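Asker: So you can see what is in the structure, the chains are spelled out below.
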Amino acid sequence: MLKYILKRLVYMVLVWVILSFLMFMIYWSVPTGNREFQEAKMEVESNDAYRRLPAQEKRALIEELTLEKQYANGTETNNLFVRYLRWLGFYPYHDGQPRGMLQGNFGYSQIYKKDVMEVVKAPMGNTVFINIFATLLALGITIPLGIATAVHRGSRGDKTMQVLTIIGYSLPTFIIAILFIWIFCWNAKWFPASGFGTPGNDFTGLKAFGDKMYYLALPLIVMTFCSLGGMTRYVRASMIEALGMDCIRTARAKGLKERTVIYSHAWRNALIPVITLVVGWFLGIFSGSVMIEQIFGLNGMGNLLITALNAFDFEVVLFLQMFYVTLSLLGNLIIDLAYGLADPRVRVNK
Amino acid sequence: MAKKKDENLNLEEQKLEQEVSDVQPVQEEQPQAVLDEQANVTEEISPETVAESSDVQAPVLNDANKQADGKTKAKQFFKKLGHVCKIVGGWIVRMIWGASKIAANDFIKAEKKFEEAQKAAEEEKALEEQQALADAETPQEDGKKNKKRKKAKLTDVEEIVSPGKQYVKAFFEKKLAVTALVIVIAMFLFVFIGPLCMPTYTDLYKASSQAYLPPTVSMLSLPKELDGHIKSISSSSFFTVGLSDTGNIYIWGVTKIGTTKIDIEKSIPQAVKDAKIEYVAAGTDHIVAIGDDGTVYAWGHKELGQYIENETDIANQETNHNIIMMPEDLRMGGKIDVANVKKLVCGNQITAILMKDGTVRVWGNTNTYRNASKFANKGDKFYDIDVTRTSMYGVTYDQKLLVNYEANAIKLKYKMNDVASADQDLVLTNSTILSLACANSNLAILVQEASGKNRVLFSGDFGEGLTDIPALGLTRYFTQISAGAEHYLGVSNDGYVYAWGDNIHGQLKISEKGDGKVSTVYAEAYQSYAVSSDNKLVEKSGLKGYIFGTDANGASVFKRLVNGGRMTLTIGAVAVIISSIIGIIIGVISGYFGGKVDMFLMRVTEVVGAIPFLPFAMILSAIMSKLPIGEDMRIFIIMVILGVLSWTGLARLVRGQVLATRECEYITAAKAMGVSELRIAFKHILPNVISVIIVTLTLDFAGCMLTESGLSYLGFGVTFPRPTWGNMLNATRNLTIIGNYWWLWLFPSIFLAITTICINIIGDALRDVMDPRTNKR
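Residue numbers (my numbering), protein chains in the order written: chain A, 1155 to 1504; chain B, 528 to 1304.
These are computed hints drawn from the structure, not numbers from a lab. Owing to the predicted nature of the structure, the values given are computational and were not obtained by experimental measurement. It is possible that part of the hints are untrue.
To be verified - Part of the chain B face toward chain A, derived, beta carbon under 7 Å:
id	residue
1	M1126
2	P1139
3	L1141
4	G1237
5	A1258
6	L1262
7	I1265
8	G1266
9	A1280
Idealized CB from N, CA, C, for every residue including glycine.
Construct the complete structure from the given sequences, taking the supplied hints into account.
Answerer: Now the structure itself:
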């Protein structure tokens, strides 16, 4: 088992390196203009002491300043490979010190004028908060629903649910969001349409939490609703699979109560695929919430990604991208391991 | 994204189980497959080898004459292409029709030939026998026996039903799936044939007066009570006001103005209903009327100086320096000398009254009409006035001069000799101006020449695609002209309507109609009305309304929906084709060859699968917007991105299926016959996996459409002005738009949702039908 995990981890690192290299190359192959030069020029022009200098001296000064900035940013070379290694932290900067990701430097946001880590902190917290809530809500609804439809397979209720769930997973998130905003914000006026709390509030403790939940209610409802279709179908399918097993027939033949058969025997077997689904789904939801955050104006990772993309704040985008990649790779590993843990018949280290 | 993951997991799980339990169904299908292959192999070998040998020979021939080189190469290419098509077509036919049926058909053909030959032989025999005068009973008996044998064979063959046919039959038994299929086909037809019916559609269409109109078809429906009593019709945007000869006012079209929810029809003041109205004119958001006692009434919007109703309006408007306030003697129910009024004109937030003595009373927003104050203040006398969308024009009292007071007035480009220089005020020497008609960005004047005949002169930016003014011949001339937003109407002296200008809403359909009864024409906004001398409506045409409303640019949501649907479906289809080609090739190779190839390809699949889809596509799209490439190229690249990122699921699925299929006996047989590995992989194994592929393709198609819509919605896919169902929703980002303009998001959502739901239902039904495991339960 340990050997398998190690092997997978090594492999994960390899994939991560390939992907990060690809991403880095894609990024820096885009013509962006000489940012350092512009900044240096701005600095010189805005400084009264320098502005009156003759043109030639001024140019020399600008060039000097540009180079200085490039040394600091590690962009004085056009060799992308060197830049990539610097970004990772394997290659020293001009002053001989490596300042890459390995050293804990994840980049600097040009828009927020802050370290990327600081920029990302608050949105990350919000996204995790929303996602945990949405996952719990969705599970609470879909599992009983899936079991019920599987047990009453072929009944009228099941057939309606089948059609409803197809509709559920065929509808894109933004349509559901717009519809819900129209119903609950515009017509019923139950919830606010956007924001993360009453503007200018100074609530504390429970009241602050309540206010936050009031603002998050609609996004959470939409997220839960969006996942109902796919999840219910999945739970139903695995439950049907489990109900068709020989052991269920045996259990029924023994004369066990139907309730025991379903909840104790069948459900345990159905749980195996569901567990893996939950893990994968929870990780996948991070990038899935891009849409929700954008529509409801929540300060989350997805919204940050869109803002950064529109402003071409490369280092933030690169960091977010690598974050998503890492998450997805970790997700795959966890799914595989969970499969092995949940189902003793599957031997992961084979 | 989460959904995508679910699908993948689902498929993976299926694969796992299929490896364990699916051996049985494969075996069930096997006899069929063996039949298939045997027919296949025997069929193929001869034409294939022949084709190959000709391939080898061809280059030798080509060396001889190099000129024909390109041609023969192209020929060869098409030959190969045709060959590939034939093979693929063969699979599909075999899947639906069944190999046994084809074999049976071949057999029947051979039988027939044999029979014919036999008949001919019999006839010959008969002839011989007739000649020999022998009895003719024995050959007849033979024939009967023959027929019996044939019938027996036919029934034998028909009892075997191919799996493809079974699938089709089972599919058509599902009512829901068939309904969904019909809807999807209808949607495709609607979206691909629809644009052909709208040759006038352009992505960049703009009509600022038509922005944010709700769905309506009432814009041309002149009230019945008004017909027969029409005194005047006036409109400059989306509602039309009609005045009857009894002094009543009728309003039709979209009567609710914008978000303020002022209903211009319901807010008609009671005083107006009671009074007998002499003059009425409609602006873009207000209406002004003059009663027979000279009282000036106004209703509608008033924030930008359209009119003054009470003291607070005065206080509000005084602070805004761009407003010419309503004259003091007219405001708040003031009176005007009605006998002296010649013309009442309303424009975009402006009102002008021309008096018979040539003076002009003007009030309203000078932000839109910067020269308006000059008409009131300069003291010039006018014979006629009219307004375009941004400027006011007048004809001097001696009917010789067209006045605008602006440097950037519509340049006068007449094709006439006696007209003064191009960018000066127009001065006519030999003729007089009878009337002036202003459209949104151009104008026409009716001129009476010294000979007594009228003719129309024309000016402004008269763009391409607009109909020219019709030639009336020598004896006929226009007696009256009128201008709408983009088109003109004229009445000829013998009572016919003629129309010219923009025909995007069918305004010009009225042209050359009227049966000689027309005396007055009203070209109002996008509608045309022709009225006879006894105040009856003779003809009308033009914009009836927008069944799905209009967007922020005044473009019809319906038209954009149809054209956008074509884009959405095309992107979805191309992306799916790309992803399936990659997925199938990688899946089959990896599954069939196994070992290191499998290992490598599966690692590649995992790398691609690990890329988080939505963020990555967004990033690539954002980067592309920085590159200097055209919009078409960008859209194509979006298709490729979608395709290249979504093939992993299919590749895994195909690999799993191929792994199970390659152990079958007929593959061993094919190997023993010396068929090449690639051919076994793609020709012998792939057709047996094709049912799974079709299911995945269907579901992926819906997936790709949704992803494209999502990307476009976020602004990273296809961007404005090109419409897709996703980016039509892009505009609906805030609550006020979602709430007030529900038609902007509802209709695209419905179309997108119905299409994806139906495609998913079809895919689901296909899976049920084709997956033997679900059949069993």
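Asker: Could you run down the list of hints and mark each one as holding or not?
Answerer: Here's how the hints hold up against the structure:
1. M1126: Check failed: Cβ of M1126(B) comes no nearer than 11 Å to chain A, outside 7 Å.
2. P1139: Where the cut-off is 7 Å and the nearest Cβ of chain A is about 4 Å from P1139(B), the hint holds.
3. L1141: 5 Å, holds
4. G1237: 6 Å, holds
5. A1258: At 11 Å from the nearest chain A Cβ, A1258(B) fails the 7 Å test, so the hint is violated.
6. L1262: 4 Å, holds
7. I1265: The hint holds - I1265(B) has a Cβ within 7 Å of chain A, the shortest such distance being about 5 Å.
8. G1266: With Cβ-Cβ at 4 Å, under 7 Å, it holds.
9. A1280: Hint on A1280(B): holds, closest Cβ of chain A at ~5 Å, below 7 Å.
The structure shown violates the earlier hints numbered 1 and 5.
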